Amino acid sequence: MSKANSPIVTGAFASLRYRKNRDRIIELILLSAGLVAVFTTVAIVFVLFYESAAFFEHVPIRDFITDTMWTPLFADARYGIMPLVAGTLTVTGVAVLVAIPVGTVIAIYLSEFAPHHLRESVKPVLELLGAVPTVVYGYFALLMVTPQLQKIWPDLPGFNMLSAGLVIGLMIVPYVASVSEDAMRAVPKYMREGSYAMGATKMQTALRVVVPGAFSGLAAAYILGISRAVGETMVVAIAAGMMANLTFNPTEPAATITAYIVQVSLGDLPHDSIGYQSIFAAGLVLMLMTLVLNVIGFFLTRRFREAY
Amino acid sequence: MAATAHLTLEEIRKGLSWRKQLDKLFIAIGLALLFGCLGILAILFFDLVRDGSSRFGWDFFTSFPSRKAENAGILSAAVGTMLIMLVTALLALPIGVAAAIYLEEYAPKNWFTGIIEINVTNLAGVPSIIYGLLALGLFVYQFNFGQSVLTAGMTLGLLILPIVIVATRESLRAVPRAIREAAYGLGATRWEVTKDHVLPYSTGGILTGLILGLSRAIGETAPIITIGALSFIAFLPPSPVTGEFPFLNFEWLMSEFTAMPIQMFNWVSRPDQAFQANAAAAGAILLGMTLAMNAVAIWIRYRFRKKISW
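Keeping their order, the protein sequence lines are chains A and B. 1 is the number of the first residue of the first sequence in the working numbering; add one for each residue after it. 1001 is the number of the first residue of the second sequence in the working numbering; add one for each residue after it.
Okay, chain A solo, but in the shape it has when bound (with noise of 0.2 Å):
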């Protein structure tokens, strides 16, 4: 035995070895909770298309995508995926015109006038406006939004889109602000500077140079939004009324995807009919929208990040 192996150093060793053994072990574990979500994501694209694939043995594709009736629940069955799309489009084309201007104007308005202290505070309690709970938000378009455009419009119907989207789109305006300032806050400072030394006012300086820096930004931030507006449910479920109806009017009630998804669930069908898979079916359709909308957005919001 050679003096390094004396009892206490072979102790230390041992011990370090024990350790880094433990490390091992613990990595895996940490790696295992990560793999949650590559699971999630995994099960939730296998339940979509597994349920899906049932319903496609009765529906024909074709008719999936190109009937424009979808009555599922009816003794006379038609399941055309295009009133429910045409639905959710027009709930989403109604909130985006609500969230979109407001949410870049309170951007640029925090992003490039507001004193810090006020940003700072402010920003928080406008996020709240994200957190109340949709049901509630589905109660003020049905019982506070809905009768005061009836003042407006008497004929208006007591289920309908326009409410829905109004109050979506309020619901969506903290998301769109929130992502469209960062965005314009990631704009080099030495940018702004440069404009003001030319003589530009502090809005000419917002709309000619931050906000054509931020642009990726922007539109991510849109985008984000626009794909929030397409899978909310409850808005939609408690006052737009749940009648598929083919139609872009917002001042017509109609089901939107999500909408149809809860008026089934609502029921008790069995668990293999075509009504509960049809469900599974209008769900692929909606992930795949979101889906489309959230890799856009992915990449927008990762080249904006490296822009600068």
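Please keep in mind that the hints were generated in silico from the structure rather than gathered at the bench. From a predicted model like this one, the values you see are computed outputs, not experimental measurements. One or more hints might be untrue.
Stretches of chain B that chain A covers, calculated by requiring three or more beta carbons in the stretch to come under 8 Å of a beta carbon on chain A [what the hints assert, rightly or not]:
no. : segment
1   : 1053 to 1062
2   : 1079 to 1087
3   : 1107 to 1118
4   : 1197 to 1209
Far from chain B by the CB rule (all over 12 Å, computed), these chain A residues [stated by the list, open to error]:
no. : residue
5   : Thr40
6   : Glu57
7   : Asp63
8   : Pro154
Once the Cα atoms are required to be at most 30 Å apart in a straight line, the calculated DSS-like pairs of lysine-lysine come out as [unchecked claim]:
no. : chain 1 : residue 1 : chain 2 : residue 2
9   : B       : Lys1024   : A       : Lys151
10  : B       : Lys1109   : A       : Lys123
11  : A       : Lys20     : B       : Lys1020
12  : B       : Lys1020   : A       : Lys189
Even glycine gets a Cβ: it sits at the ideal position worked out from N, Cα and C.
Fit chain B to the given chain A structure using the hints.
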């Protein structure tokens, strides 16, 4: 006069003052929209409280749902929500924190880590009702958990996982490198550095993330409706704590349930005016809880930020 070619000083001043007026106009519009949005939030809250005020009272909290609006209460819904939140927190906190630690402290930069990261980002954008479909197809019918507290808690746990992960990662990232280097320098292993030095500094951020996640979960209605929660439940799940050994009882996990947002949805969708007062009262309580949780989260973030100076 050469006014067409050269601006006089007077004209430049005029143009400048006009543009400065525009600045002020924009500030006015920005402030109006900002406080308009906040004002709507305040109106919403006060209207709920006003419309529901007739229902606030001890009976409302201690009664089961009923066919008569004036007898109906939120007892089973409130208990259901609390039990679901317990499951959600117990699931999302350990998994979320562990995943965040892996991504921030351990993961090598390669395609595999990239896949996990893209997954987390993507899951944060998946509509909540899709989680409901996942739970319906997987937990309810494949795993046979039924329409239970466990299914609902697991669904919402998965739903808020990205929120917890992102918040934890941010607070881990805020810990300066020097602290880690110092601990490594003394011979600590990676786990010892993480557990003894990095995690204690990030507790505030992790707590904030968990509370924000739970405040999202508490109001989520769509995924719980999708798994088939009932709105008319006139019993309580078996108590988790019992008087006899081993003092804990897990039957409540498999119990059917209702929850606050489900109860409110049920009341809103009835045409009867009297039930709308119930809906308003339930909504006011729900909104109050959400706002309170957010306020706590903001407060914790503020305190930790103030207390720690590197």
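Pair hint B:Lys1020 and A:Lys189, alpha-carbon separation not exceeding 30 Å
Since the Cα atoms of B:Lys1020 and A:Lys189 sit roughly 21 Å apart, the hinted pair holds (cutoff 30 Å).
Could you check that no beta carbon of chain B comes within 12 Å of the beta carbon of A:Thr40?
violated (5 Å)
Given the hint that A:Lys20 pairs with B:Lys1020, test it: the Cα-Cα distance must not exceed 30 Å.
violated (65 Å)
Verify the coverage statement for the segment 1053 to 1062 of chain B against chain A, using a C-beta to C-beta distance below 8 Å and requiring 3 or more qualifying residues.
violated (count 0)
Mind taking a look at whether chain A covers the segment 1107 to 1118 of chain B? Criterion is 3 or more residues with CB to CB distance under 8 Å.
Three-residue rule met by the segment 1107 to 1118 of chain B, so holds; n is 4.
Under the criterion that the straight-line Cα-Cα distance not exceed 30 Å, is the pair B:Lys1109, A:Lys123 satisfied?
Violated - the C-alpha atoms of A:Lys123 and B:Lys1109 are around 33 Å apart, more than 30 Å.
Is it the case that A:Asp63 keeps its Cβ farther than 12 Å from each residue Cβ in chain B?
At about 22 Å from chain B, A:Asp63 clears the 12 Å cut-off, so the statement holds.
Establish whether the coverage given for the segment 1197 to 1209 of chain B by chain A is satisfied; the threshold is a Cβ-Cβ distance below 8 Å, and no fewer than three residues must meet it.
violated (count 0)
Given hint A:Lys151 paired with B:Lys1024 - CA-CA distance at most 30 Å
violated (34 Å)
Given that the segment 1079 to 1087 of chain B was listed as covered by chain A, double-check it with a C-beta distance under 8 Å for 3 or more residues.
With 0 residues in contact (Cβ-Cβ under 8 Å with chain A), the coverage given for the segment 1079 to 1087 of chain B is violated.
Beyond 12 Å from every Cβ of chain B: is that where the Cβ of A:Glu57 lies?
Non-interface label on A:Glu57 holds, nearest chain B Cβ at 16 Å vs cutoff 12 Å.
Per the stated criterion, does the least C-beta distance between A:Pro154 and chain B lie above 12 Å, as a non-interface residue requires?
holds (20 Å)
Going through the hint list in order, the structure does not satisfy hints 1, 2, 4, 5, 9, 10 and 11.
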